[in-house]
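Knowing the structure of chain B, use the given hints to seat chain A on it.
Listed in order, the protein sequences are those of chains B and A. Each residue of the first sequence is one higher than the one before, starting from 1 at the first, in my numbering. Each residue of the second sequence is one higher than the one before, starting from 327 at the first, in my numbering.
Honestly, I wouldn't trust all of these hints.
To be verified - Straight-line distance between alpha carbons at most 27 Å, and here's what the computed DSSO-like set of lysine-lysine pairs gives: (1) LYS420/A with LYS402/A; (2) LYS153/B with LYS194/B; (3) LYS338/A with LYS39/B; (4) LYS91/B with LYS420/A; (5) LYS427/A with LYS338/A; (6) LYS338/A with LYS420/A; (7) LYS91/B with LYS338/A; (8) LYS39/B with LYS91/B; (9) LYS420/A with LYS28/B; (10) LYS338/A with LYS402/A; (11) LYS427/A with LYS91/B; (12) LYS39/B with LYS28/B; (13) LYS420/A with LYS153/B.
I should point out that these hints are in silico values taken from the structure, not numbers from a laboratory. Note that this is a predicted model, so its numbers are computed, not measured.
Residues per chain, in single letters:
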Amino acid sequence: MDHAVHVAELRKTFDVPEREAGLRASAKSLIRRRTTEVKAVDAISFDIAPGEVVGFLGPNGAGKTTTLKMLSGLLYPTDGDATVLGHVPSKRERDFLRRITLVMGNRNQLQWDLPALDSYELNRAIYRIPREDFVPTRDELIELLDVEDIVRKPVRQLSLGERMKVEIIGSLLHRPQVLFLDEPTIGLDVTMQKRIRSFVADYNQRHGATVLLTSHYMADVEALCQRVIVIHHGRILFDGRLAELASTFTAHKTIEVALENGAADLSAYGEITYRDGDVVTLRVPKVETARVTARLLAEQEVLDLNVEDPPIEDVIELVFAQERPE
Amino acid sequence: MNALRVTWLFFKIGVLNELQYRVNFVVQLFQSAIALAVGLVVLALVYSHTDELNGWSQPELLCVLGVQILMGGAIKMYIQPNMTRLIDDVREGKLDYALTKPEDSQMLVSVREVRIWQVVDLVSGSIVVAVGLSEVSAGVGALDALGFGVALLLGGVMIYCFWLVIATAAFWVVNMWTVVELFDGVFQTGRWPVGIYPGWLRYSVTFLVPVAFAVTVPAEALTSRLDWQTLALAVGFALVLFGATRWFWRFGLRNYTGASA
Numbered sequence: 001m002d003h004a005v006h007v008a009e010l011r012k013t014f015d016v017p018e019r020e021a022g023l024r025a026s027a028k029s030l031i032r033r034r035t036t037e038v039k040a041v042d043a044i045s046f047d048i049a050p051g052e053v054v055g056f057l058g059p060n061g062a063g064k065t066t067t068l069k070m071l072s073g074l075l076y077p078t079d080g081d082a083t084v085l086g087h088v089p090s091k092r093e094r095d096f097l098r099r100i101t102l103v104m105g106n107r108n109q110l111q112w113d114l115p116a117l118d119s120y121e122l123n124r125a126i127y128r129i130p131r132e133d134f135v136p137t138r139d140e141l142i143e144l145l146d147v148e149d150i151v152r153k154p155v156r157q158l159s160l161g162e163r164m165k166v167e168i169i170g171s172l173l174h175r176p177q178v179l180f181l182d183e184p185t186i187g188l189d190v191t192m193q194k195r196i197r198s199f200v201a202d203y204n205q206r207h208g209a210t211v212l213l214t215s216h217y218m219a220d221v222e223a224l225c226q227r228v229i230v231i232h233h234g235r236i237l238f239d240g241r242l243a244e245l246a247s248t249f250t251a252h253k254t255i256e257v258a259l260e261n262g263a264a265d266l267s268a269y270g271e272i273t274y275r276d277g278d279v280v281t282l283r284v285p286k287v288e289t290a291r292v293t294a295r296l297l298a299e300q301e302v303l304d305l306n307v308e309d310p311p312i313e314d315v316i317e318l319v320f321a322q323e324r325p326e
Numbered sequence: 327m328n329a330l331r332v333t334w335l336f337f338k339i340g341v342l343n344e345l346q347y348r349v350n351f352v353v354q355l356f357q358s359a360i361a362l363a364v365g366l367v368v369l370a371l372v373y374s375h376t377d378e379l380n381g382w383s384q385p386e387l388l389c390v391l392g393v394q395i396l397m398g399g400a401i402k403m404y405i406q407p408n409m410t411r412l413i414d415d416v417r418e419g420k421l422d423y424a425l426t427k428p429e430d431s432q433m434l435v436s437v438r439e440v441r442i443w444q445v446v447d448l449v450s451g452s453i454v455v456a457v458g459l460s461e462v463s464a465g466v467g468a469l470d471a472l473g474f475g476v477a478l479l480l481g482g483v484m485i486y487c488f489w490l491v492i493a494t495a496a497f498w499v500v501n502m503w504t505v506v507e508l509f510d511g512v513f514q515t516g517r518w519p520v521g522i523y524p525g526w527l528r529y530s531v532t533f534l535v536p537v538a539f540a541v542t543v544p545a546e547a548l549t550s551r552l553d554w555q556t557l558a559l560a561v562g563f564a565l566v567l568f569g570a571t572r573w574f575w576r577f578g579l580r581n582y583t584g585a586s587a
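Next comes chain B alone, as it looks inside the complex:
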């Protein structure tokens, strides 16, 4: 098999009822319901190789979750093809479902009033995991996430972060080969985010699992994904290496200079975006970077100089603002 995930011209449209606010409009819609067609996913195509970790970026309502749900067999595509590990997800074959997992940061699947260990037993039965495989896997995951005590407490008593950890264990007991992670770190504090992140990276390396991840936290994506797919209004705007995202979408670079003589006015070199004592940050058109750098070094007393792509958050913001690269 060449690809772990193959998506070609995949579409999903929803019919959304539409009416004006108010009683009269409500009455009218009883008789004649008007619906608008919303293209949640609009002819997207991509392939993911086995073992790859891909970040799926986009603002709310971009179509990320809809795509993940189609790939995990929850939603029937309106049109187009998708295969995951050679299976058509919407057929929901057992062989397929046994090899994937879907983790949603804002949903829980464990029994609320019982310790997570009880829910794990349930998953063992549902996934038909032999005990000799189940126990080592479970214990390894528990150790990796450092939750020996937590799995014995009723889930309702756990903090959000603890709950996410035990949820993730529950989703991985059957050692899935493809992981669909929808906002796995949402609402967690920075330490917990890091923990989950390094765990996902570790799992990917140990088991060669393919991971498709959506997150609002760029740190997640930067830490985990060599490749990103940017989606907006149901269409793919960018698919490539994270590093290339900046060069594709921004026509600018930032130059950070520390000056001997902090008072010097640098506005002639470019747009000053930030100034902190002797350190000045300039925004310079990409094509002029080399020339401006040379001029700065020649004309000013420079202590230190750095040329960088703008922060990834700014790039993403820019991507969504301009929608399509020229």
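Then chain A, alone, in the frame of chain B:
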């Protein structure tokens, strides 16, 4: 059978969950006692005016009441909680996890909940049946008992199918709660043998909401009234209903959109 193992595990987990809420047991005890008392008072009132009702003597009607309580308990214990959770899950888009499991989805959504304190109704229903039977002169033969068991099981299957159709409709019609409340009302008609109702109502509570099959038919078995044609009809109807329900469930799944995360 893995399905049975999963069902059993869910049952065990449900019991563990419910045991934490012992107050529910007391509440259930009260509710059942009141329902039983009302049923008995009404029965006594009716028989203070007449000796028989459409060919059913008072002890025989006691059996009908008992079967109705028993079946009602089973419905509220297992069928109704699962189906109302399904309706909620569809509305809130929470069915996702059940649908990504490598097990039959219909089975999974049907066994996730259990209300064990409804066991009070199972016990009190059985006692009422036993009391009624002790006063029925003819007694209960082995064949009657067997017919009773089979009819009860078929009735349960039909009620389950009815509920699953209603719950599946939640894929399109988001608010199914009115229908849920309606069921409780309709199920009360089962306190009397359906033969006493006018034709249109009799047909409705037989084929539309299968209360007749769930209560009257088993009670007929107990009181040696059941003929093989009725039992055959019950078997046939249960099979057709189950097949149609399964088809409808799968069809409904295609329309699951899941609430957006």
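Do the hints match the structure? See the list:
Restraint check for LYS420/A and LYS402/A: satisfied, since their Cα atoms lie roughly 22 Å apart, inside the 27 Å limit. Between LYS153/B and LYS194/B the CA atoms are separated by roughly 23 Å; this keeps the pair inside 27 Å, and the hint holds. Only pairs whose Cα atoms come within 27 Å are accepted, and LYS338/A paired with LYS39/B is rejected, the gap being roughly 44 Å. Of the pairs offered as hints, the one joining LYS91/B and LYS420/A holds, with about 20 Å between alpha carbons and a cut-off of 27 Å not exceeded.
Taking the CA atoms of LYS427/A and LYS338/A, the gap is near 19 Å; set against the 27 Å cutoff, the hint holds. For the suggested pair LYS338/A and LYS420/A, the alpha carbons sit about 22 Å apart, so the restraint of at most 27 Å is met. Between LYS91/B and LYS338/A, the direct Cα distance comes to roughly 31 Å. Violation of the 27 Å bound is thereby established for this hinted pair. Straight-line distance between C-alpha atoms of LYS39/B and LYS91/B comes to about 22 Å, which keeps the hinted pair within the 27 Å bound.
Taking the CA atoms of LYS420/A and LYS28/B, the gap is about 31 Å. The hint is violated against a cut of 27 Å. A hinted pair counts as satisfied when its Cα atoms are at most 27 Å apart, and LYS338/A with LYS402/A qualifies at roughly 17 Å. Under the criterion of a C-alpha separation no larger than 27 Å, the hint pairing LYS427/A with LYS91/B is consistent with the structure, at around 13 Å. For a cut-off of 27 Å, the pair hint linking LYS39/B to LYS28/B stands: about 25 Å separates their Cα positions.
Our distance criterion of 27 Å between C-alpha atoms is met by LYS420/A and LYS153/B, whose separation comes to about 24 Å.
In terms of the numbered hints stated before, the structure departs from hints 3, 7, 9, listed from lowest to highest.
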